[in-house]
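Trainee: Kindly generate the complete structure, drawing on both the sequences and the hints.
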Amino acid sequence: MSNAFVRTEFMEYVSICRAIFHEVAIEGTSVSKFSNFIRKKA
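In terms of our numbering, the sequence shown has 473 at position 13, counting the first letter as 1, and numbering is strictly consecutive.
Treat the hints as calculated values from the structure; they're not laboratory data.
Some clues are possibly wrong.
Okay, the calculated beta carbon distance ranges per label pair [to be verified]: (1) Ser462 to Glu483: 23 to 33 Å; (2) Asn463 to Asn496: 18 to 28 Å; (3) Asn496 to Val474: 15 to 25 Å; (4) Ser462 to Asn496: 30 to 40 Å; (5) Val474 to Arg499: 17 to 27 Å; (6) Asn463 to Val484: 12 to 22 Å; (7) Lys500 to Thr468: 11 to 21 Å; (8) Met471 to Arg499: 13 to 23 Å; (9) Ala485 to Ser462: 29 to 39 Å; (10) Ser462 to Val484: 31 to 41 Å.
Glycine included, every Cβ here is placed at the ideal spot set by N, Cα and C.
Mentor: Below is the structure:
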């Protein structure tokens, strides 16, 4: 059970890192949009 939890956390971390990379790569400095995404999720 704890292993599945750790795996879920890791997948979330990877997807967040990917989201950051895409924001930076595609839109340059679109920090406000990403922080809105974090706020909605939290």
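Trainee: For every hint, state whether the structure bears it out.
Mentor: Hints, verified against the model:
Checked against the given bound of 23 to 33 Å, the beta carbons of Ser462 and Glu483, roughly 32 Å apart, stay inside it. For the pair Asn463 and Asn496, the beta carbons lie near 33 Å from each other, so the given range of 18 to 28 Å is not met. Take Asn496 and Val474: their Cβ atoms lie about 21 Å apart, and the range 15 to 25 Å holds. Ser462 and Asn496 have their C-beta atoms about 32 Å apart, which keeps the hinted 30 to 40 Å range intact.
Distance hint for Val474 and Arg499: a CB-CB separation of about 20 Å, consistent with the stated range 17 to 27 Å. At about 32 Å, the beta-carbon gap between Asn463 and Val484 misses the expected band of 12 to 22 Å. Roughly 19 Å separates the CB atoms of Lys500 and Thr468, a value that falls within the hinted 11 to 21 Å. For the pair Met471 and Arg499, the supplied restraint of 13 to 23 Å holds, since their beta-carbon distance comes to about 21 Å.
Between Ala485 and Ser462 the C-beta distance comes to about 34 Å, which sits within the given range of 29 to 39 Å. A C-beta distance of roughly 33 Å is found between Ser462 and Val484, which places it inside the suggested range of 31 to 41 Å.
Violated hints for the displayed structure, listed by number in ascending order: 2, 6.
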